[in-house]
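Residue numbers (our numbering), protein chains in the order written: chain A, -5 to 617; chain B, 892 to 1315.
Some clues are possibly wrong.
[Stated by the list, open to error] Derived coverage of chain A by chain B (criterion: at least 3 residues anywhere in the stretch with Cβ under 8 Å from a Cβ of chain B; other residues may be distant):
1) 179 to 191
2) 277 to 288
3) 411 to 422
4) 462 to 475
5) 538 to 552
6) 603 to 611
[To be verified] Here are the computed lysine-lysine pairs in the PhoX-like style, where the Cα-Cα straight-line distance is at most 20 Å:
7) 1157/B - 937/B
8) 935/B - 1164/B
9) 1111/B - 554/A
10) 548/A - 538/A
11) 937/B - 1306/B
12) 29/A - 60/A
13) 988/B - 963/B
14) 1140/B - 548/A
15) 386/A - 412/A
16) 1111/B - 548/A
17) 1157/B - 1140/B
18) 1103/B - 554/A
[Claimed, not checked] A partial selection of chain B residues facing chain A, derived with a Cβ cut-off under 8 Å:
19) 967
20) 970
21) 973
22) 974
23) 976
24) 1037
25) 1103
26) 1105
27) 1115
28) 1117
29) 1123
30) 1127
31) 1128
32) 1238
33) 1257
34) 1315
Please keep in mind that the hints were generated in silico from the structure rather than gathered at the bench.
Built from N, CA and C at the ideal position, the CB exists for glycine as well.
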Amino acid sequence: MKRIQRISFPLLLFFGFWFYSFHPAEPPKIKFPYKAAGLNDRQAAAHLLSRFTFGATPSQIDAVVKQGLVAWFESQLNATYKDDSLKSRLGAYDAINLSNEEVLLNFPKNFQVVRMAINDSIISKDSVGSKSPQYRAAIDNYMASNGFRPQKDLNQQFINQKILRSVYSENQLQEVMTSFWFNHFNVSLTKDDCSHFIPAYERDVIRPQALGNFSDLLIATAKSPAMLYYLDNFSSASDNNPFNKKKDKKQPQPAAPTGAVADTLIARLKKIRKEKGINENYAREVMELHTMGVDGGYSQQDVTEAARVLTGWTIYPFQVNRKTKALERSARFEKEGFVRDGDFLFAANRHDAGTKTVLGKQYGPDKGYAEGVELLNDLAIHPSTAKFICKKIATRFVSDQPVQSLVEKMSKTFLSQKGDIKAVLITMVSAREFWEPGALREKTKSPFELAIGAIRSLNAKVEDPYPLFNWISRMGERIYSYQAPTGFPDKGQYWINTGALLNRMNFGLALASGKISGIRADLPALNQYHEPESSQAALVTYSKLIIPERDLAKTVERLKPMLNDPELSEKVNKASQATAGNDNDMQAANKTTTTAKPARKENVTMLAQVVGVIIGSPEYQRR
Amino acid sequence: MKTSRRVFLKSGGLALFGIGLAGSIPPFVARAVAAEQNKMPFNKRKTLICIFQRGAMDGLMAVTPFNDPFLKAARPNLMMSAAQSANGKSLIDLDGKFGLHPSMQAFEPLFREGRLGIVHGIGSPNTTRSHFDAQDYMESGTPFQKGTPSGWLNRALGLLQEDHLSPFAGVALTSAMPRSFYGDNPSVAISNLQDFSIQMRGNQAGTNMAAKSFEELYDKTASGLLQEAGRESFEAMKILKTADLKNYKPAEGVTYPGSALANALKQIAQLIKMNVGLEVAFAESNGWDTHFNQGTDNGVFARNVADLSNSISAFWNDLSAYQDDVMLMTMTEFGRTVRQNGTRGTDHGRASCNFILGNNVQGGKVYGRVDELSEDNLEDKRDLAVTTDFRSVFSEVATQHLHLKNSATLFPEWKQENIGLIKT
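Could you build the full structure based on these sequences and the hints that come with them?
Put into structure tokens, the structure is as follows:
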């Protein structure tokens, strides 16, 4: 009530009505207050594109202004573009559409291949690990004849599809949000146990719900094999349930007369029990990292109790031979609370059936799978979660240190709209704080954003994405391989350090001069093949094309003296020789000219140099 | 200021450090210049080098309790004797109880001189036998917390006495930033120091012009973050340029093996000799997950320990003039089963051993407790029990050698228990 009064009273005064406050369930409407912040349409479009895409393509600002900023944003929120051209590019990748089970069958791990090859008498036990070519050939043949493929092919296809989607998808916001939520619910290729399941995790869990509802997203991640393995919940088990109690009673009775057998049975049972156990890792991180935040107001006791609630959340067995048994078992036990949902299994016989209390609320007893769903739903719309998630979203889309007032507005929407992600984004862009000068260009591009953005800025063609991945890794962002569940930190200081910065500059130079294999940039095409009159003209023209809607006067001014260097022409001639090969006549001719319009090849070299410096420049590192 | 900056830029090198350019050069260089008037930009720092042996080294084969009858019984194909034999492939008897693997003979003199210490029965209190989890816990330094954002070596950088760190204070000679270095204190991951430069393949003139342009742009940018990182990057680049990295000549008589580990250590040695302010360095050694055909005096394990010990020993001898300032420590996520498996290898276990080398190490001794390996003494009836928490050793080594202030946050929620490994 207090909140409603505070907001609605002044608005009532000014507008005579205020609809939302009295109908808090009404979703927010898009309103872009950029004019009040002193921006014109083009500047505002540039800002929008810098926030909700992986970088504007050369004509995109005009296109967005023409379409209307609000209309563009709505179309992005709904992510309805068909993306036919992207789909045709992805057509070559067969592995990215496989189910988890198909992935396991097609891409066995090395040690599994070795085991199978031993069982099939293809190799002998004693030869394992041998470096001999015969051994290698035997393994390769074995893999080929069984249709097995190395896991690095899967990872490579997965990484390639991400790069292609980020460069070419029309649904840019969906792809940006996919990156955001993947990093929020981070899993890592560096953890072998979960690596097979990561392509499906992004494809089936993250991307489809990236603009959906936070609760749904949270629950989907909790049930995914990738997360169940990454944070170990698959193994979290309790014997505090009727299934185990039955066994307890059964075991000692028939064995009563013969002590030895009974002892063995009991010992074995105890051992199984001991191996089982509650694993708190997921329960802790779901509160600390996925929902409430480390200062969200939960205790270690809450973590332990939440872990009890989530016991039995595990993976449906993939191996075919175990599967039939499991199917029978789960059919038999369905009425006893087993739940199967795709690759997820709620194993009632591993669940703690007792009463638990998390954050003062009681869960169970004996409610099985529903307890976990209830807990996750409660966590998803906890006020601490609203604050934590909204701050993280504002940090991603506004600045490294978003102002409190903005986070509060977003949190209110988060709570009133029950975790509707679109509604939160709408509240964010409809806020004055989003457009204020302090929020413009306040973000440092991550290496991935830099690389994808540069390709989009130059309209470059991606023929083979993988070399780009190596560059992105070298600049400090090996995608899908951040080891800790925190995900990559989202702050400029993390990305900008000495080693990484030089690599950013080198990336710009390499990209512009065509030295990244698999990527082709046609720089003259960017300016409709109008050759700039001079290197200075090239600097001015291409700065505007690549970094539009910015005041670049200072950058240009600083670079001009270097372009005026009387020795420059000669230097560039030499450079041109190095790249152009043996065109001796042209070199001879060029040696005498210092100011005249340079010849074509030399001009391309000069252009590459200028564009490379623009992409490596401090201005371009920010968005 | 502008002028002096230009002079500095044009001359480019370190020769002008002495002539009062303070203000326009990065603070770390200015301080270094003030500290020392020769061409070395930093005064000597203590350096800790950590080597992570990924895959879990079989500590019982590296340093074998050779009299243990249970071990002999459990490893019919994996046990060596310390008795001298004609072929010289017996264990190196260290103290009547433990024998060093014969392929680690390079370690023997270091141990006898008292510079090399060994801790046996070292491991994590968390019983996970997953490589990923155990490495993660060991590198974050929080064995029960997955969400710890920082790594322990990054926290160590934060506890150094200096207010300002060199851009080379923390360097991992790895292609990706290791978990140990995650965190807010600046650290660099680079697999080849020669990459620390502006590069355009086959275009030297273009490279020079680009480097000049970038330096100017970053020097004048309005963004404090980019400006500072830019300045430091170019200074660091120039410092490295003064050394002929490609044609590095180790100290006389020293030959590094050709392995990845040796290459990493060689580059660390170069950084140390350049006095660039390196304080924590990190390198990796791979291939320790020996489930199959582990071998004895030759085979995969023997090759691994040979590379480890030969690389470390070359590094140590290469740094003969710097040994007082250098300490090196190995680590591995866990040990391996006492019993050999069905494929003449060993599976994931619990405790292993580690090596600590330095002039301030009270070496020549095997620290820790290794009980007789009867089933009752094993963890879960199968593994060498963890009797020394890895944090005891890591924190003693780092705190003493690097003179860390207030080391309580190095390993949060844990109370330091020194084992007396380092001279005080």
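Checked hints:
no.	hint	in the structure
1	179 to 191	holds (count 4)
2	277 to 288	holds (count 5)
3	411 to 422	violated (count 0)
4	462 to 475	holds (count 5)
5	538 to 552	holds (count 3)
6	603 to 611	holds (count 5)
7	1157/B - 937/B	17 Å, holds
8	935/B - 1164/B	9 Å, holds
9	1111/B - 554/A	14 Å, holds
10	548/A - 538/A	13 Å, holds
11	937/B - 1306/B	24 Å, violated
12	29/A - 60/A	17 Å, holds
13	988/B - 963/B	14 Å, holds
14	1140/B - 548/A	45 Å, violated
15	386/A - 412/A	17 Å, holds
16	1111/B - 548/A	9 Å, holds
17	1157/B - 1140/B	10 Å, holds
18	1103/B - 554/A	12 Å, holds
19	967	15 Å, violated
20	970	18 Å, violated
21	973	26 Å, violated
22	974	26 Å, violated
23	976	23 Å, violated
24	1037	5 Å, holds
25	1103	6 Å, holds
26	1105	5 Å, holds
27	1115	10 Å, violated
28	1117	4 Å, holds
29	1123	5 Å, holds
30	1127	5 Å, holds
31	1128	7 Å, holds
32	1238	11 Å, violated
33	1257	29 Å, violated
34	1315	34 Å, violated
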